[in-house]
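K.L.:
Given next are the chains, with one letter for each unit.
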Amino acid sequence: DQQVKQNSPSLSVQEGRISILNCDYTNSMFDYFLWYKKYPAEGPTFLISISSIKDKNEDGRFTVFLNKSAKHLSLHIVPSQPGDSAVYFCAATATSGTYKYIFGTGTRLKVLA
Amino acid sequence: DSGVTQTPKHLITATGQRVTLRCSPRSGDLSVYWYQQSLDQGLQFLIQYYNGEERAKGNILERFSAQQFPDLHSELNLSSLELGDSALYFCASSASLRNTIYFGEGSWLTVV
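Residue numbers (the numbering used here), protein chains in the order written: chain A, 1 to 113; chain B, 1001 to 1112.
Derived by calculation from the structure, the hints in this document are not laboratory data. Fair warning: there could be bad hints in the mix.
Cut-off 20 Å, straight-line C-alpha distance, at most; resulting in silico cross-link-like pairs (SDA-like, lysine to any residue) [as the list claims (entries may be wrong)]:
(1) 100/A x 1111/B
(2) 5/A x 87/A
(3) 110/A x 1026/B
Ranges of calculated distance between the beta carbons of each label pair, as one might list FRET restraints [claimed, not checked]:
(4) 16/A x 1098/B: 32 to 40 Å
(5) 95/A x 1067/B: 19 to 27 Å
(6) 59/A x 1016/B: 46 to 54 Å
(7) 1067/B x 74/A: 17 to 25 Å
(8) 1065/B x 61/A: 36 to 44 Å
(9) 79/A x 1099/B: 25 to 33 Å
(10) 59/A x 1014/B: 19 to 27 Å
Where a beta carbon is used, it is the ideal one built from N, C-alpha and C, also for glycine.
Just need the whole structure built from these sequences, with the hints factored in.
P.N.:
Written out as structure tokens, the structure reads:
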């Protein structure tokens, strides 16, 4: 039962353009969401998070949008840079539950110079 | 550098053997998480500890066990190893149960 889904395994974007990575979840108890970036042979690095009381959170070039009714979140990267090329994972947790963080399967982003 | 330390970084062992992976959380973090990433797969949650006690269990095999010690470091024990256990095992930690989790660089396990 995949509670957190990233349906696009890969995405290619031109440098300077916007990258949009999507994530869907099924568990309505999830109320805290995170995005991580992972380079090969390294551990995932935390990027940005959002609580369910908000619908948008911004940090520099990274913005996360949350649509609770659709159980959907997205990560926008503007402008995209070659160094952004990595695998991006979304994660979700229910802060009133067991607190385990469930991860999606990841989207490999390639930013073309 | 996330502050989470995992050892060993690489490990090659034979089928049927037992290995122990070690994790030191970030200073002050009470919660430790273990994840498995097989080739081209996502991060599969294995188990979570908070201040020495097991808090949540995921898809962890009965051949695997873990514990968190009084000094808050954690160990993941993998026994009767099979070829399919070859994977990258990540440890993560957080200050408490409602905080962002931070990952170590992982332990590469290859079973031959």
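K.L.:
Could one say that the CB atoms of residue 1067/B and residue 74/A fall in the range 17 to 25 Å?
P.N.:
violated (38 Å)
K.L.:
Mind checking the alpha carbons of residue 5/A and residue 87/A for me, to see if they're no more than 20 Å apart?
P.N.:
Given pair residue 5/A, residue 87/A holds - Cα atoms ~14 Å apart, limit 20 Å.
K.L.:
Checking one constraint from the list: CA of residue 100/A to CA of residue 1111/B, max 20 Å. Satisfied?
P.N.:
Answer violated: residue 100/A to residue 1111/B is near 28 Å, above 20 Å.
K.L.:
Taking 32 to 40 Å as the stated bounds, is the beta-carbon spacing between residue 16/A and residue 1098/B within them?
P.N.:
For residue 1098/B against residue 16/A, whose Cβ atoms are near 37 Å apart, the range 32 to 40 Å holds.
K.L.:
Against the range 46 to 54 Å, how does the distance between the Cβ atoms of residue 59/A and residue 1016/B compare: consistent or not?
P.N.:
holds (47 Å)
K.L.:
When you take the CB atoms of residue 59/A and residue 1014/B, is the distance between them in 19 to 27 Å?
P.N.:
violated (46 Å)
K.L.:
Between residue 110/A and residue 1026/B, does the CA-CA distance stay at or below 20 Å?
P.N.:
Violated, at roughly 31 Å.
K.L.:
Given a hinted range of 25 to 33 Å, is it respected by the beta-carbon distance of residue 79/A and residue 1099/B?
P.N.:
holds (30 Å)
K.L.:
The hint says 36 to 44 Å between residue 1065/B and residue 61/A; measuring C-beta to C-beta, is that right?
P.N.:
Given about 42 Å between the Cβ atoms, the range holds.
K.L.:
Within 19 to 27 Å or not, the Cβ separation of residue 95/A and residue 1067/B?
P.N.:
holds (25 Å)
The structure does not agree with the numbered hints 1, 3, 7 and 10 stated previously, though it agrees with the rest.
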